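Chemist: Protein sequence lines, in the order shown, are assigned to chains C and V.
Counting in the working numbering, the first sequence runs from 1 upward without gaps.
Counting in the working numbering, the second sequence runs from 1001 upward without gaps.
Because the hints were derived from the structure by calculation, they are not lab data.
Treat the hints with caution; some may be incorrect.
[Claimed, not checked] Residues of chain C clear of chain V, computed beta-carbon distances all greater than 10 Å: (1) 3; (2) 26; (3) 31; (4) 35; (5) 54; (6) 90; (7) 98.
[What the hints assert, rightly or not] Derived list of chain V stretches under chain C, where covered just means 3 residues or more per stretch with a C-beta under 8 Å from a C-beta of chain C: (8) 1013-1022; (9) 1397-1410.
As the structure is a computational prediction, the values presented were derived from the model and not from experiment.
Ideal Cβ positions, reconstructed from N, Cα and C, are used throughout, including at glycine.
Each chain, letter by letter, is given below.
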Amino acid sequence: MNLEKVVFGFFIILAMTLNFGFFIGDITDARQHDLMEMFGAIVVNLVATVLKFGDRTQIGAIHLASSLVADLQLIAAAIVWTIAVHVTGSGLTPSTTASIVSLAGGALLANIVSVVILVVETVMLRR
Amino acid sequence: MGGVVFLFLRRMRAPLIVLIASYAIALLGLVLMPGVDPAGRPWRMSFFHAFYLLAYTATTTGFGELPYPYSDAQRMWVTFSLYTTVIAWLYAVGKIIALLQDPLFQRVLAGTRFARQTRALREPFVIVCGYGETGSVLVEALDARRVRSAVIDIDAGRVSEVDLRGHAADVYALCADARLPDSLLAAGLRNSECRGLVALTDDDEANLAAAVASKLLRPKLPVLARCESSSTGANMDSFGTDHVINPFEVFARELGLAVHAPSQYLLREWLTAVPGTPLVEPLQPPRGLWIVCGYGRFGRAVSGALESEGISIRVIEPDPVNIERADTVRGSGTEAPTLREAGIDEAVAIVAGTSDDVNNFSIAMTARELNPRIFIVMRKNRRHNEVLFEAFAPELIMQPSQVVATECLAALTTPLLARFLAMAERESNDWANELVSRIAGLDNSTPEIWSVALTPAGAPAAWREAAGAGLRLEHLLLDHANRANRLDAIVLMLDSDGRDSLLPDDSVRLERGAVVLFCGTAAARSRLLFAVNHRNAMHYAATGEILHGALWNLLKRGPQP
């Protein structure tokens, strides 16, 4: 067992689970989507991205790409949220909530791809 | 460049994670700390405000308490987060700067830059492996002849010396091992503008490795390699190295030539020296008894060459291992008794050819004292003894680096010149004497050597002219500003349809595809090259008629009715 691999797998899977936790629920109902969970998902996604830096293999490149997609989607969702609450002052209307959650849904898909690659890579590893 | 980016990213992992973690903790704490708004109601900072606060405190800008004055709990947390995030920033910035100065990173960066520069070179260049004495002399001479060079040397100090010398054009240099094929590829071995590879390191094995790699990776590229042992030389020859240069043998051959045909020797020296430098003085080595001090690689080569010219020699050698000849005098030659025993009083010349400069001086000074009219040939081993050689002024100095550089230059810059010299060697000394006096009449400095090929790309105007009424060799030598003047240049050789003719007659008709080798002044070279590339100038030189441009013709004709 390799501690580095544990940390790597931990952050990638945690990024997916947090993202899923935020995403699940009625898409227009702001009460079913927790802000703290969103914050956690963004932080863990960023850490997962940094952990993927510097791998020159093809699989490493796809790993990094999927993480970057997830970061982009989640940060876009956070910006939409900030604008709705602080800039326009319209608050979390059902349509705003829907766009935030659907952006997070896209990030979830990218995170699932990441986890699938991780699993495939592990399965292909021969002892 | 990809390698550098990945290296950079990998090293950046730790500082970036520290930065993200400290921001996350600080943000979370700021959001959780209870506060009070001006109306006295409980209030908590939003993520947006917390991030805004961190953005100006973590970078130590500072801004005040926004949007409302903070509660003590918030102030406590701001104090904590300020210190953690500022330290995280300092750590990350420090790491980035350290990474930029990291020797490994710098080396990767230098290697990448070098490979990019040589790949982008769009003019003829030569790869020089080894920037020692020989390499620096060669690069300088190539620079004077407008040929660029890419230098590889294993010593970082010598690589930085490349920049210290003032070259007319940039010389790209990299600290790398010439034995590794990757270094040769980085130096532009695959670039189509690369005109040759010269292996000049002081390690025969490294030269051999570079020559093999070059022949395998680009079989048609000319390879010139220096070697000091004959077994390595034979090895290099075996796989088709174009030019194996053993400085001792080259010098011995030239010394033989100087004894046998002084004008031939002078012609060779003049045509292969660096253009613009003063002409080398003629040399008259005497015939008679020669004493050779030191019978190592150099002494053997010189003795062989002298004996094949029918000159009697006597050898002085201290090491019993090297004593092969029965009449060898044992001793170092630095003291008078040994020299007397070898017959210094009747000798006409002495060769101080040991591998130690101090001993060579001692031999030469003692010899001059015993026989003031003696002709002295000295081997120069170290460049920093230059001043001593100038002060002593022996008749002939053998400097291996100079010999090798000259050989390389002739083979690299004008391949036609090497052919010319090979053919000229078969001519008589009188023939050479006449040519030498013509060259001396041009200008009192070493002439430029250049060739013109009558092809659409090489000389478009001359190529076009050669089709019509007929272009003769003399037309190329006429000044395109005034036909009454002749350029200060001499035609050395004409290659027409694969037939080489030495010093062809001026009235020879030039066919398309012919190649002409010239020597002359720098001014003559630029005028001649202008004429063969410009139609009007060439037409005037060939026929005396002046062609006008399209605009002038239109004006002269006037408006059409």
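Chemist: Check the structure against each numbered hint from earlier and tell me which ones fail, lowest number first.
Modeler: Result: hints 4, 5 and 9 break, sorted rising.
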